[in-house]
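J.: Fit chain B to the known structure of chain A by using the hints.
In the order they appear, the protein sequences are chains A and B. The numbering used here numbers the first residue of the first sequence as 1 and each following residue consecutively. The numbering used here numbers the first residue of the second sequence as 1 and each following residue consecutively.
Note that these hints are calculated values from the structure, not bench results. Glycine is no exception: its CB is placed at the ideal position from the N, C-alpha and C atoms. There may be inaccurate statements among the hints.
Unchecked claim - Non-contacting residues of chain B with respect to chain A, defined by C-beta distances greater than 10 Å in every case (computed):
hint, residue
1, Ser53
2, Tyr54
3, Ser466
4, Thr709
5, His745
6, Gln778
As the list claims (entries may be wrong) - Computed footprint of chain A on chain B; a stretch qualifies when at least three of its residues, placed anywhere within it, have a C-beta under 8 Å from a C-beta of chain A:
hint, stretch
7, 641-649
8, 653-664
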Amino acid sequence: MIKKTIYIIGLLWLFFITACNKLDEFSETAPEKVPIVVEGILLPEAPPVVWLSELSDTGDIEDTTYIPVNNAKVTLYHEGTPYNLTLFDNEWGEYSYEGKDLKIVPGDTYSIEVNYSEKLITAETKIPYAVKNISAVVEPSGRGDTVSVLNISWESVDDSYFYLFLEGDTSSSYCTYSEYPFANTSYTIDTAGLIEGNTYYIIVYSLSPIYAQYYFGYDPLNSNYSYDTNVIDAYGIFTGMNVNFMSFEYRKDLDIKLQTQSVPNSILDRLPGIIY
Amino acid sequence: MLSYSKYFCCLAVFFVMLVNKAVAQKIINEHFENVPMSLILDSIGEKYDIKFSYDYKLLSDVKVSGSYTNLSDAEFIRKITRKYKFDVRKIDNVYLIKPRKTKTQEYVISGIVIDGKTKERLPYATVCQKHAQSFSVTNPKGYFTLFAESQDTVALQISYMGYKSKNINIVNIDTLSEIVIELENEDKLIEKVDVKRNKVKSVELSQMSSHFTVNPSKLANLPVLGEPDIFRNLQLFPGISGSGNSSSGLIVRYSPPDQTMVNFDGLTILDIDHFFGMFSAINSKVVKDIQIYKGGFEAKYGNRISSVVEITGKSGSLTKPAVHFNLNMISANLVVELPVFKKASLLIAARRSYNDIIKTPLYEQLFGEIKSPVDENYWLINGTLRYMPYQLEPHFNFFDVNVKLNIPLHKNSNLSISYFQSQDKLNLLDSLSSGLYFYQTEEKMNWGNFGLGVNWTKKWSKKLYSSLLLSTSSYYNNYNSYYAYVNEQASDTSTSYQSNYIDNLNFKWNNSWYINKKNTFEFGIDNNAVNIDYFNGWDTYDIQNINQFVNQLSVYAQNTINFNKKIRLIAGVRANILHPSKNMDFEPRLAFMYHFIPSLTFKMSAGKFHQYLNKIPIKDLAGINRAFWVVSDYKLLPPVEANHLILGLKFERKSFILDVEAYYKEAMNLVEYEGPFLSKENFELNGFTGIYHRGIGKIAGVDLLMMKTFGNYTGWISYTFGKSIRKFLGINRGVAFPDNNDQRHELKLVNMYKLKNWNFSLTWTYGSGKPYTEPEGQYYIKLLNGEQKLVSVPSKTNSSRLPAFHSLDMSVNYNFRIGQGFAKLGLSIFNLYGRQNIKYRFYRVLTDESLDAGNQPVYKVYDIKLLGFTPNLFISFDF
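Isolated chain A (complex conformation) (with noise of 0.2 Å):
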């Protein structure tokens, strides 16, 4: 009997050992990141910048200040042709290109390879066209008579994400902008802050999803998931953008299709974000 029991005890711990191999079978480890945070924008007509990062920890502010990665070698690639990005004299992670060999052709995909620390991080990312023949009509809201929305927009050649500014002239602070990235080819600004006569510029950004998805919801804190990124074996992003504007000087029955047009760099200066 104690044999027995000796056996079964045997049968017993060996068949836990073995459940046990089978957990660690199905765990593995997940290859370690590189530290660093690539944000590299792609804009036609505009310079490519790619700004280099060190990871911050969480916590106090101390802890979270800008850490500029300036040691890293940069390469943006087209067609199989490399560019190799140059440290900025402000040696604050900027990464840019100078020559004017490198187009940023709409509907093109560009790769970038960083190397940093003995590691290579890549990203990849496809310009998306500039929306086309933007137009803007002025309607009634149907929620009163004395109450019009302005209707803009526009075709599109591609499956982007679109994000509208609304912006006054030179003589006005008027400026609006849209709330999240969408992908409808239409817009709907209520005219209440618009003045009779003054001139207003839209202007339309064209997307990637992987960029506009950081518009959205909450701070994925308190949560196993993140934001995705396009970067691998790093943190950030590496969008291509495009812009289309459009102005037009404001009547109550205004209905306009216009060509793109330019816009002036007065109004270029004050628009937030990517453009300067």
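T.: This is chain B only, laid out in the frame that chain A set:
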């Protein structure tokens, strides 16, 4: 010449052998007239030099007559023993003579076991025939069927936890009809204690693996938060997590609470949660019996992949009224039992919190765990951050009601009608109005269960028993929040709402056929028609709008085979058919038990399980920690599937139990829900539904229970060692991670001591740290609107561990007479040494407004604590 010699030699050898054989074969010629067989064997043995072994006294009573001529010894022995019905075997030249085993006649004994005082039927009582291999267990209505071996007198022993064991002798078994066995309840409060007799058990381990029964009244002396809570007591056993203050949801062998089926008188209760999990919605005073199956359960149970808690409710006294009243620092509980025309019984129980009238320190302390201060004007309400600067009083209450009418229609049939309802309600209001602005935030939550069932049981014959249950049950969970801010220039409003409704119509038909002593065949049907609505919205966005209807039909069959006293096998199969998807799932089940000796048992069970109704935890757009139930209809989700394998060894002797079980579980199609706006796929759809991630989980562990009772002391050590891992393609980069319930070690020491009218208990629980996900780091992304978006980066999922949990809890109560009844006055203290155990870690983004920061957002960490030193007083009366 040579050939002749050879021939002669062979012949000589052959002749010698023949002679030897003739000499060896003793030829017997004897005649006897009424001579005792023992004398015959003695004389034959001496005369013919034959050796015998036999029971002298037995054979002296056997008188032999007859002539036995020209017989060899073997022939003689065979003839004489056959004539007088003995068996003989020759071993080492000795003839072994034994009485012949006659095929005994079997008799079927059936009856019911009841409480001697209240006449209430006792479920799962053990009835066994002493000195034989027969035993039986009463069913939920107290009926039993036993195949007794025929003897002049059949001696039965009947035992039931909390009652004094009884021995009865049945003399004229062939004329016996139904028997009614009355047991005496041992839980007498005020009696002179006889140490030898005081063996009231707290728990009984079944012979089959992972199955045990608890005595609710005995465990009522353990530390309580409010009033006795069975589910809190269950957490003191191995394999059921006890490292936390929550008692409503049982985490059994690392599986989440929704994977445990809780049945109350056949009604399935989905959420047994009062006060955000602080108490269970099961009133312990209406519970007669609890059966816990931690895994590998039989084919008659289904629709859950982890475990089953089968609760049999009291039926009420059939003899005289009884009243129980309990008042503690949270709620009041009243239970009334009434005989109805001496033929039926009615039980009514109602329990309600009274904090809307008086707020006790215990209430404030418990509510403080739900509503924790974070920073000035910020609070965490059940895991959700809320800005509430003006702090108007929250309105919270809960109640539950049980009603049961039990009507014995006939001695062999019974009808019972059960009703159950529970509800929790919380209203939070924060508001301020002045001439310049108006601000208001209001949150309303309510959740609850409802169940109504009619159960008809019929004993068709001594061997066939049926139970038919028709029931309807509902569950609901609503959340509404409204925020408004209005001033002269602008206004801002926001609303958020979630609602989850489940309606279930259930038909259950269970049958037991006691074929013979060795075989008991059970079969049945379980049909559930389930309707689910779930809606989650935020302002004008419909985040989720789910409407489901599924009919799930299950049929099962299982056979219990008692090969002999040592070996039992239960083999069964369950089939589930879903409509409208028309999918079918099969679930084979197997359980095996082998007694080496009566005190040492090896047990094993294995099986396949499916779960169609699942609870999905969610952290949605508004950061609210809410979960919702959906059904697997093969459209939204496939069913969750699991396989179990359990091996165990149990040693039980007198008042000592040592039980060890090792288990391995695998689950497929587990679901985790990712809220909207955080996934690329979701965003590309420009929708806000969120994503259901599907994955697998693996669990392995060992449960150990060592229990000892001596004198008035009962104590046990419970230890669990195990690991639980999950793997989802869309989480943690597809790499396996520790489950939220993964806890490497858990140790519980339980001590209970009874001294005359006093009951003392002391428990200590230790649990190693549970996992959580820390942010690994953060960075900023510049947005087009000028905002610097702070992006947190979670580290590997659940790669960090909270500090270990440990808590020392005690309870003391005093029982005394009051008039015709009894009273009990008690004090419980949780967390005697005030350990600051952490419930979870919460991260929050704050704007650092210092000059250097330039209004940059930063993170801050908060440790949300469990209860500290928490005393509770209660008084109860029984009349």
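J.: Hint by hint, which ones does the structure fall short of?
T.: When the structure is compared with the hints, only number 6 turns out to be violated.
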